[in-house]
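Please construct the entire structure, taking both the sequences and the accompanying hints into account.
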Amino acid sequence: MEDTQQEWTTVIKPKGHLLDIDFKEIWRYRDLWRMYVKRDIITSYKQTILGPLWFFIQPAMTTIMYMVVFGGIAKISTDGLPQPLFYLAGICMWNYFSECLNRTSSTFTTNADIFGKVYFPRLVVPMATVTSSLIRMAIQLILFLAVYLFYLVKGVDIHPNVYLLLFPVLVIMLAGLSFGFGILISSLTTKYRDLTLLFSFIVQLWMYATPVIYPLSVMSEKRQWIMGLNPLTSIVETFKYGALGTGTFSWGMLAYSFGFMIVLLAIGIIMFNKVQRSFMDTV
Amino acid sequence: MSIAIKFENISKQYRLGLVSTRTLSHDLNRWWQMNILRREDPYLKIGEVNDRAHKGTSEYVWALKDINFEVEQGDVVGIIGKNGAGKSTLLKILSKVTTPTTGTIKAKGRIASLLEVGTGFHPEMTGRENIYMNGAIMGMTRNDINRKFDEIVDFAGVERYIDTPVKRYSSGMTVRLGFAVAAFLEPEILVVDEVLAVGDAEFQKKAIGKMQDVSRGDGRTVLFVSHNMSSIRMLCRRGILLSNGTIEMTGNINQTIDSYLSSQIRTNTTFLSNISYKADYIRILHLIINSKTDNPILLTSANNTLNIKISGILLQAQNIAVELRIFDKDQNPLAFYSPFHYEGTTPLLEKGEFMIEKNILLPEGINKGTYYASLYLTDPGISYHLKLENFLMLDCEGFPTKTGHVFEYNQGAGFLFIK
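If you read the protein sequences in the order shown, they are chains A and B.
Residue numbers for the first sequence, in the numbering used here: 20 to 302.
Residue numbers for the second sequence, in the numbering used here: 25 to 443.
Read the hints as simulated data drawn from the structure, not as lab findings.
Where a beta carbon is used, it is the ideal one built from N, C-alpha and C, also for glycine.
Treat the hints with caution; some may be incorrect.
Not close to chain B: a few residues of chain A, all C-beta gaps over 10 Å, as computed [stated by the list, open to error]:
no., residue
1, Ile31
2, Met80
3, Gly99
4, Glu118
5, Leu224
Cross-link-like lysine to aspartate or glutamate pairs, in silico, EDC-like; alpha carbons within 20 Å at most [to be verified]:
no., chain 1, residue 1, chain 2, residue 2
6, B, Lys382, B, Glu413
7, B, Lys132, A, Glu26
8, B, Lys132, A, Asp41
9, A, Lys43, B, Asp168
10, B, Lys120, A, Glu118
11, B, Lys130, A, Glu26
Written out as structure tokens, the structure is:
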């Protein structure tokens, strides 16, 4: 064939290989990623009176609710820590995860309009989501830091330690897990919408399977091991351990979570890549 | 010239009806046949020609079937066809929004699509931010946009509003901005789908001019879909006529458009086979024009009268006025006949058989060409009783001048030669 002598820069075929993922292309679209992040930030509090203040109000109110319900009524232990500090630490981590998950899991359905008109590597969108959610988390961390300093000055028994340096790794792991799980859900729900209902239910329950409102140490050894299967357990516990000095820490559990993230990311990206080629016909 | 785009056996199958129902069983069956039994996809075999007007028996249709063609670099190709002929599907596949079911497209260079301008515009963001956003969606880098920013703003003509959120823009301004971004994208292959419908005349001219520059000056390839035959004629050199998902003809743009339009206005058909709307209370028995019942009608300078006789049955009394409109082959209106407006009265026809006869004296000096006419029976300002759109094809011989020259509509002389 003479075709082979000519240089075709674009070839459009019915089905690509399963592992045919063009990472170079994503890199070429890095400016789009940046614009999406910028757009999320600009538009998230346009035409609100309190603006970014909402990012404070929400975790503050949640913390108060937890103090009343779980601390006050249910009397669940907080490992001897002041309740606001204990809950806020968990909420900051969990909120980042759940926000990323919620937003990435509807990537295809919320962007169907634009995906139907132009082509660009679709992965850019959930990547930008995970990035822009970091801003929100940073604001929540400021709240956490304020409460933290308050208790530190007050002389409460808190022991920040060297494991706090793992914090960036923990955030990356949260981002990776929510990203991987989110795009996997998004890929599966384009065709079968039933799964949307199932997943929203699962995510709701997931928080209770994660040591957000209770410390892992209240569990028996055996239960702790089961809890450890949840990849979020070690992340939240490590953060509490590093920042507050009480909790459970184990390199093994952290490594398990990391491995879990890698596998999830791989499956998610492959599925997403497969669906993105044809989802316009099924959405 | 080298080939810029090559379509090889492109087909696209769609499933009709609700996508969600029974997809699971079809998916499982497909998976079983293909992966376990190692057979072909069972659903690729069924499927029928996509004619939306007729009810089919299969759930699967081919929106496109075996499309093969090549586009040379620097060519401007117009893709025409009825609604549902597969034009947009073809462009969607080319712009990678969806994948073909079978076949391959090979292309040289970056493909940018203008399937709908202003895609990705966020209403809350300013014009400036949206230029960057839209440019990035189309694959431009920030530096590309920085370099062309002033040109884009200038071309769109929205300098005053550049820092205003796009939600305050008029729809025309949004389109201008969107088109401007795409026009300065400088892709090797530009895919355009019906964008010029919005925007004022000045902008449309500007946009067409820009697209001409793009193809002529810079040797870029443009694929253009539109229902506006005048702009296609102005812009394109080659044409592709799609019909029910297959290529009916390719070739010179003028030939393609003529073939498309004459396929719509079927020659040699009877007038009555072209009824596009009829009220319940009216029956038409005969329609005779210049003693003929079928197309075409020949008009000479000696005989330029249209004698129209319509007979039928009315199931209730109606005011009936006759209107006739004459168009050129691109559906540009040329003339209008309405005795109701001229005389100021509408005859009331009683229930039962009726017969209307009109002698329409066309002006002397109609230039040579083929014209089309639509006839309406109407109760003016209230309702239509009957519509015959493009039912009549008029072949005009033209006006013989003393120099022996006969002027033609298509060659710049227009509809009328004035004495």
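Tested hints:
1. Ile31: About 4 Å separates Ile31/A from the closest Cβ of chain B, which leaves it inside 10 Å; violated.
2. Met80: Answer for Met80/A: holds, closest chain B Cβ roughly 26 Å.
3. Gly99: Given a closest Cβ separation of 47 Å, the condition holds.
4. Glu118: 20 Å, holds
5. Leu224: Label holds. Min Cβ-Cβ 25 Å, cutoff 10 Å.
6. Lys382/B / Glu413/B: 18 Å, holds
7. Lys132/B / Glu26/A: 7 Å, holds
8. Lys132/B / Asp41/A: 18 Å, holds
9. Lys43/A / Asp168/B: The given pair, whose Cα atoms are some 19 Å apart, holds under the 20 Å limit.
10. Lys120/B / Glu118/A: 30 Å, violated
11. Lys130/B / Glu26/A: Given pair Lys130/B, Glu26/A holds - Cα atoms ~9 Å apart, limit 20 Å.
Checked against the numbered hints above, the structure violates hints 1 and 10; every other hint is satisfied.
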